[in-house]
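Model the placement of chain Z on the given structure of chain P, informed by the hints.
Protein chains: 2
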Amino acid sequence: MEIQTVNIIGSGKVAKNLGIALQEKGITVSCICSKTKEHADALALELNASSTTNLSSMPIADLYLLCVPDQVILSIVAMLPNGVNIAFTAGAVELPLVNGSSKIGVFYPLQTFSENRKANVFEIPFYVESEDQYFQQNLFDLAWKLSKNVHLSTYKQRLHTHIAAVFTNNFTNHMLVLAEQHCLENGVDFKDLQPLLKETMNKAIDLGPRKSQTGPAVRNDQTTLISHEAKLSGKSKEIYSLVSQSIQQNKLID
Amino acid sequence: MEIQTVNIIGSGKVAKNLGIALQEKGITVSCICSKTKEHADALALELNASSTTNLSSMPIADLYLLCVPDQVILSIVAMLPNGVNIAFTAGAVELPLVNGSSKIGVFYPLQTFSENRKANVFEIPFYVESEDQYFQQNLFDLAWKLSKNVHLSTYKQRLHTHIAAVFTNNFTNHMLVLAEQHCLENGVDFKDLQPLLKETMNKAIDLGPRKSQTGPAVRNDQTTLISHEAKLSGKSKEIYSLVSQSIQQNKLID
Numbered sequence: 001m002e003i004q005t006v007n008i009i010g011s012g013k014v015a016k017n018l019g020i021a022l023q024e025k026g027i028t029v030s031c032i033c034s035k036t037k038e039h040a041d042a043l044a045l046e047l048n049a050s051s052t053t054n055l056s057s058m059p060i061a062d063l064y065l066l067c068v069p070d071q072v073i074l075s076i077v078a079m080l081p082n083g084v085n086i087a088f089t090a091g092a093v094e095l096p097l098v099n100g101s102s103k104i105g106v107f108y109p110l111q112t113f114s115e116n117r118k119a120n121v122f123e124i125p126f127y128v129e130s131e132d133q134y135f136q137q138n139l140f141d142l143a144w145k146l147s148k149n150v151h152l153s154t155y156k157q158r159l160h161t162h163i164a165a166v167f168t169n170n171f172t173n174h175m176l177v178l179a180e181q182h183c184l185e186n187g188v189d190f191k192d193l194q195p196l197l198k199e200t201m202n203k204a205i206d207l208g209p210r211k212s213q214t215g216p217a218v219r220n221d222q223t224t225l226i227s228h229e230a231k232l233s234g235k236s237k238e239i240y241s242l243v244s245q246s247i248q249q250n251k252l253i254d
Numbered sequence: 001m002e003i004q005t006v007n008i009i010g011s012g013k014v015a016k017n018l019g020i021a022l023q024e025k026g027i028t029v030s031c032i033c034s035k036t037k038e039h040a041d042a043l044a045l046e047l048n049a050s051s052t053t054n055l056s057s058m059p060i061a062d063l064y065l066l067c068v069p070d071q072v073i074l075s076i077v078a079m080l081p082n083g084v085n086i087a088f089t090a091g092a093v094e095l096p097l098v099n100g101s102s103k104i105g106v107f108y109p110l111q112t113f114s115e116n117r118k119a120n121v122f123e124i125p126f127y128v129e130s131e132d133q134y135f136q137q138n139l140f141d142l143a144w145k146l147s148k149n150v151h152l153s154t155y156k157q158r159l160h161t162h163i164a165a166v167f168t169n170n171f172t173n174h175m176l177v178l179a180e181q182h183c184l185e186n187g188v189d190f191k192d193l194q195p196l197l198k199e200t201m202n203k204a205i206d207l208g209p210r211k212s213q214t215g216p217a218v219r220n221d222q223t224t225l226i227s228h229e230a231k232l233s234g235k236s237k238e239i240y241s242l243v244s245q246s247i248q249q250n251k252l253i254d
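Residue numbers (this note's numbering), protein chains in the order written: chain P, 1 to 254; chain Z, 1 to 254.
Bound-form chain P, shown alone (with noise of 0.2 angstroms):
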């Protein structure tokens, strides 16, 4: 079986960047269900679905696409019909079994999405899992059609994949929310760092992170590791020293 219709569960930003996508590829965007009726109302239009706020009062659709938060996939999976296919896009949650004849898998996107911000799927990461082999291959195919880069995984390796996206994305970001504040709080205007920044990200995608890394802590300078953290407090101070320990730690490894 082809998926060729999709139901969208949920209406945030990987609904919308996942129902764009699939329907440029040509697939039908049957309905999107959200909680909040004005949500799936909007997502719905731009996609030229019907919406709705009731999961069983869908249409039928070859898949039924959970884009919601994790805490609330299993009580969404045990309110749709029976006999229907069910895929969810979490990155950290384990495939459920499921009652009678539907089947369940995953169609993990590893991409961090925006509401005003259309995401290169084409250059996306997709991790797609189900025990049932053929059911896993129409979700692999779905894949397929969107990105060119497309595994057959497993829950490790998702929850894996999943902990090196924490630290590659929120915990980088987190460290320039940090940067932001520091600058905030002693007149130091953040756009100056935007240079480095860009090219932090291309030497670590060029040469890789380890051999781009540089700064007081890997050169061991004690001087301005102390006058930095004499600067700090908080939980910047908490930081600034834990992550120079671990940098020091790394490099005695190399």
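Hints were generated in silico from the structure; no laboratory data involved.
Bear in mind that the values here come from a model prediction, so they are computed numbers and not experimental data.
Misleading hints may appear alongside valid ones.
Quick list of in silico lysine-lysine cross-link-like pairs, DSSO-like style, CA-CA up to 27 angstroms [said to hold, decoys possible]: (1) K251(P) / K237(Z); (2) K211(P) / K37(Z); (3) K198(Z) / K211(P); (4) K145(P) / K198(Z); (5) K198(P) / K145(Z); (6) K251(P) / K35(Z); (7) K145(Z) / K191(P); (8) K118(Z) / K13(Z); (9) K37(Z) / K13(Z); (10) K156(Z) / K198(P); (11) K13(P) / K198(P); (12) K118(Z) / K198(P); (13) K103(Z) / K156(Z).
What follows is chain Z alone, placed relative to chain P:
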């Protein structure tokens, strides 16, 4: 006095990148001085300059530019001839006093340099300082030839900028080192994280880092936080825990 000739002390990444940029703007790099003869010779050849390992045998130049580790700046300054103009490129070293009729200043480029990557110096913010107003203006004019973004700065401002740079470059890069290490240990290809890394940076620049924060910590997803931490150990685990706490604390302040 317009600075037209420069001696560079040091032959590393900063020396090379600034030497090339100065020469491209018509400044003469007269001499490269490095403690390692081969390094001095190699950069001198590239810049069509003379080379030496002896600080006292450099030809006279309008500026002696120190591109050396922070720890040796003071001892090199003490060995330079009396009456010369000196600038150093460090972010965290306070302006020292100099004897006699020499002048000293700061010429700090806010960027991470690499051996084999040519920096786009025109984009780099420069921070210029001197107690001598006239010399400070000379340094400003020199930086202005290289970059569209030059600040007359103070030690305090430069130090805070340097701290923000440590978070922006060194610490984001270390998060990537830990991500890559986690991938290596768990059979995930770090290359698959590259689209996420690119989007992380683009988002942080377009929306600002505060609005870009996503992930289990900011949405207080305890199940995921616990399952991730259970898979980590050592400094990675400590960092996961502390940075997640800091993300949650920041959210409360919002």
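Quick rundown of the hints versus the structure:
1. K251(P) / K237(Z): Holds - the C-alpha atoms of K237(Z) and K251(P) are around 18 angstroms apart, at most 27 angstroms.
2. K211(P) / K37(Z): Distance ~25 angstroms between K211(P) and K37(Z) Cα, so the pair holds.
3. K198(Z) / K211(P): holds, 18 angstroms
4. K145(P) / K198(Z): It holds: about 22 angstroms lies between the C-alpha atoms, which stays within 27 angstroms.
5. K198(P) / K145(Z): holds, 22 angstroms
6. K251(P) / K35(Z): Holds. K251(P) to K35(Z) sits at ~25 angstroms (cutoff 27 angstroms).
7. K145(Z) / K191(P): holds, 21 angstroms
8. K118(Z) / K13(Z): holds, 10 angstroms
9. K37(Z) / K13(Z): Holds, because 16 angstroms separates the two Cα atoms, which is no more than 27 angstroms.
10. K156(Z) / K198(P): holds, 25 angstroms
11. K13(P) / K198(P): Since the Cα atoms of K13(P) and K198(P) sit roughly 25 angstroms apart, the hinted pair holds (cutoff 27 angstroms).
12. K118(Z) / K198(P): With Cα atoms ~14 angstroms apart, K118(Z) and K198(P) stay inside 27 angstroms; holds.
13. K103(Z) / K156(Z): This hinted pair holds, its Cα atoms lying about 20 angstroms apart.
No hint from the list above goes unmet by this structure.
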